[in-house]
Amino acid sequence: MKKNQTKAWLFLAPTIIFVTFFSIYPIIRAFIMSFQSGSLINLSWTGFSNYQYIFKDPEFWLAIRNTLLYALISVPVALAISILLAWLIFSKVKNKAFFETTFFMPYVTSTIAIGIVFRYIFNGEYGMLNFVLRALHLPAPNWIDDPAMSVTTIIIFGVWTSLAFNIVILMGALRNIDPNYYTIADMYGASGTEKFWRITMPQLVPTLAFLLTMNIIAAFKVYTSVYALFNGQAGVGNSATTAVFYIYNKFQMVGTPGVAMAATVVLFIIIMFVTFLQRKMMKKIGGR
Amino acid sequence: MKKIRWGVLVAYIILIFFAIITVFPFIYMILGGLMTFRETTTIPPTLWPKSPQWSNFAKVFAQAPFARYFLNTFITASVTTLVSLFNSLLGAFAMVNLHFKGKHAIQIVFLSLLMVPGEAIIFTNYNTIAQMGLLNTYIGLVLPFLTSIFYMYYLQSYFSSISTTIYKAAMIDGASDWEYIWRILVPMSKGGLFTVGLLSFISGWNSFLWPLLVTNEDSMRLLNNGLTAFASDAGSETELQLAAATLTVLPILILYFIFRKQIIRGVVRNDLKG
Amino acid sequence: MNDEKFVEVKNLRKVYDNGHEAIKNVSFSVKRGDLVCLLGPSGCGKTTILNMLAGLLSPTSGDILFDGKSVVNIAPKDRQIGYVFQNYALYPHMTVLQNVMFPLTVGQHKKSKDEAEKIARKYMELTQITELADQKPGQLSGGQQQRVSIARALVQQPKILLMDEPLSNLDARLRLRIREEIRSLVKKVGITTLFVTHDQEEALSIGDKIILFHQGVIQQDDLGQNFYLNPNNYFVANFVGNPVIDNFKVKVADGKVTAANFSFDVSELDKNRFKRDLTDGDYVLSVRPENIVPAADGIVPAEIKDVELIGRERILKFDHEGQQVRSLVDLEQPVKSGDQVKLKMRYDRVFLFTPEGERVY
Chain V
1 MKKNQTKAWL FLAPTIIFVT FFSIYPIIRA FIMSFQSGSL INLSWTGFSN YQYIFKDPEF
61 WLAIRNTLLY ALISVPVALA ISILLAWLIF SKVKNKAFFE TTFFMPYVTS TIAIGIVFRY
121 IFNGEYGMLN FVLRALHLPA PNWIDDPAMS VTTIIIFGVW TSLAFNIVIL MGALRNIDPN
181 YYTIADMYGA SGTEKFWRIT MPQLVPTLAF LLTMNIIAAF KVYTSVYALF NGQAGVGNSA
241 TTAVFYIYNK FQMVGTPGVA MAATVVLFII IMFVTFLQRK MMKKIGGR
Chain A
1 MKKIRWGVLV AYIILIFFAI ITVFPFIYMI LGGLMTFRET TTIPPTLWPK SPQWSNFAKV
61 FAQAPFARYF LNTFITASVT TLVSLFNSLL GAFAMVNLHF KGKHAIQIVF LSLLMVPGEA
121 IIFTNYNTIA QMGLLNTYIG LVLPFLTSIF YMYYLQSYFS SISTTIYKAA MIDGASDWEY
181 IWRILVPMSK GGLFTVGLLS FISGWNSFLW PLLVTNEDSM RLLNNGLTAF ASDAGSETEL
241 QLAAATLTVL PILILYFIFR KQIIRGVVRN DLKG
Chain X
1 MNDEKFVEVK NLRKVYDNGH EAIKNVSFSV KRGDLVCLLG PSGCGKTTIL NMLAGLLSPT
61 SGDILFDGKS VVNIAPKDRQ IGYVFQNYAL YPHMTVLQNV MFPLTVGQHK KSKDEAEKIA
121 RKYMELTQIT ELADQKPGQL SGGQQQRVSI ARALVQQPKI LLMDEPLSNL DARLRLRIRE
181 EIRSLVKKVG ITTLFVTHDQ EEALSIGDKI ILFHQGVIQQ DDLGQNFYLN PNNYFVANFV
241 GNPVIDNFKV KVADGKVTAA NFSFDVSELD KNRFKRDLTD GDYVLSVRPE NIVPAADGIV
301 PAEIKDVELI GRERILKFDH EGQQVRSLVD LEQPVKSGDQ VKLKMRYDRV FLFTPEGERV
361 Y
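Protein chains in written order, with full-length UniProt numbering: chain V, 1 to 288; chain A, 1 to 274; chain X, 1 to 361.
For the record, the hints were derived by calculation from the structure and aren't laboratory data.
Since the model is a prediction, treat every value here as computed from it, not as a measurement.
No residue lacks a Cβ here, since even glycine has one placed at the ideal position from N, Cα and C.
One or more of the hints may lead you astray.
Stated by the list, open to error - Calculated lysine-lysine pairs in the DSSO-like style (CA-CA distance at most 27 Å, straight line): (1) A:K190 with X:K110; (2) V:K7 with A:K101; (3) A:K261 with V:K96; (4) X:K10 with V:K7; (5) A:K261 with V:K92.
Unchecked claim - Okay, the calculated bits of chain V under chain A, using three or more residues with CB under 8 Å as the criterion: (6) 25–31; (7) 106–116; (8) 166–173; (9) 266–275.
From just these sequences and the hints, can you work out the full model?
Structure, rendered in structure tokens:
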């Protein structure tokens, strides 16, 4: 049994070493750096001044505002569409695998590459989207080059990209519902809508809670899709800047790692808070 | 009977509508990559290239070292996949089959780390790699990703589903832990390991922010970074950008269509544990 | 040579991490070549003992000796044991032949592939699975899987074979056949075998001797028939026997044994069967159903509530102070539900237990 102990640590050694250096250490390091100023090679203590700086920085607030807006709109919209599509695939059609495969495609493909494609689809002059909108006599805004539209544009792209994961996870949850529930409901003459609201939805609650938090966390970290849509920029005149953009900018471009790390700590706390809420929620649901 | 048919019809209309929205960017990307510059920017837009411009791809390879990007991406994605799979395999085995003091504590630490967003540590990791003088190297590209608590967790749940008597039987049969891992555990979990490998390779292929930080030499760039650089440089040549995007996406799409069942099943299994 | 005590367990104790004391000071020994059954209800600790014998669990205290040598600090693979698991634990990705060969192809004492296959085939012939060599466990029936797991356990020519509920995953008919096969096989090989089961009938039919456990303590370590005729205590009397033994609450006073609706003189009991002096007080009178039957000179008045047919015999069921009492009679006995009868018991076959379960008579 004692031999077992040493062996166990040997098997875990690679994981523990890498995790210590590249997960635990950087968290501590980021926290410390958020109280330091200067360039990476010449850091000195400054107390809370980095935090004071970001809370006074209008660009930081714009980044937070954009990130929040993105999270609060794209997540519920994507989730609602995903539920509709997953339910339709699950309950109405025969070629389930075909639709599942189709809707999952965006999950495996590079956001950068697809973002570039969307840049042309969203193009104000020759873009496909505006061509369709004009044909339907709808307003055709300048999605990319109008600063007022840039957050809307990333929200639309965000919904498009997050459907894939949601649908596949929801399909998995729907398959896990005991079919006998529906058989019994049929025996009592329940209608399709009744079955959906009285059986399916309550059964999906844990999955929805899970997806909601996963999506919100992902939304708080949005970066790559903005980068791709606006060709490396955060929209015209930084109009679509996000939290991670702000951090990257302060860290790499402006060269104030302390400020970047203060913003990282704030983002980290927000994400931890959401995760904490999810745990609470899951416990409550599980404890019913 | 009639009423149900209407429901199905409406369902198909909605699903096909969204399916088109999902697939359209891919089709547009592939077709646009075969158009002439004029065709990509005509008003009204066209969808079908009059004569496919296969030369676009040759131009892409001529204007930027895409072959090198492919190689770099393939190397980093393969190395991170193989090494992290190996490390996760050993770790998951120890967590499932061995008894040791501190197992519970390790479990709790790993579980908390699972919640840490990668974006919160990526910049300090950059700092570490820079201090080690590993910028613009393959080692720098892969080092922080050579282990994955996430995949270790996945494998842990996979291994737990194997009856514990199998391990006991192997012990009595005289197998060492090493023999158990390679002759029993790995062959029995081929499916799970393969799925983890696929998912890891795909996310390695699509990685963007980390390589953006640790590489600035063209010869060390990965596909996605090369692609964005190309998109800025080739600014106006829309058709070349789309051709380059096609090159980036196509290998993964092919992989996806071959192994879609394993990939989808793997993702569902991965994330339902909550 | 320790033929009488080939396997010896001394003062064995096991306390799990959660504080549960699974085994409390257990000692027993097994003769070389014997087939011994460890019997007991689920959770009694019998599998824990088997796991400690195999080295899969380490004891909290006490010693285990194989052939006179302590094995407590020896790894499972070096204990020269074979183990047959309840779920067989066959490696699903290997063929039958590869499964049986596996023990010979791993560890420090690896054999060449040809030699391993030769030995494996020998044991496959012995267990009659030669024709299944190239199949995977998933394609086999429960009985076939069982044989493969036995062949795999025997292929290293162990000195001791440990079997953990090996028949419980088989259907009833197959179980009868396989248990005979197991007995004749281990006797043919001459291997010392410990066989864990919760099924008393299985234990009685297969074991040279039975060790009955309850709550981590040995209740009786004896030949099969003695559990029936001469149980150590109340638990043993009630655990062994089908239909279950009948129990009556009685009082002993003034030279009489008195129950709710019958009584008899203490002098009716056989003086030689007393374990100790019978003092006045509360007792439980237990009698096997075949030893309490309707008779003209019976003393226990009863009304038949139900009659159950079991093959050549019938079970008559009665109420006694809210508890069921059974009587086992011949098929020919002309009785039916609702009949009023008087039951007579064989006083030389009844048992008297204290309320704590200690046997007095």
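Right, here's what the structure says about each hint:
no. : hint               : result
1   : A:K190 with X:K110 : holds (26 Å)
2   : V:K7 with A:K101   : holds (12 Å)
3   : A:K261 with V:K96  : holds (12 Å)
4   : X:K10 with V:K7    : violated (30 Å)
5   : A:K261 with V:K92  : holds (21 Å)
6   : 25–31              : holds (count 5)
7   : 106–116            : holds (count 10)
8   : 166–173            : holds (count 5)
9   : 266–275            : holds (count 5)
Consistency note: the structure conflicts with earlier hint 4 alone.
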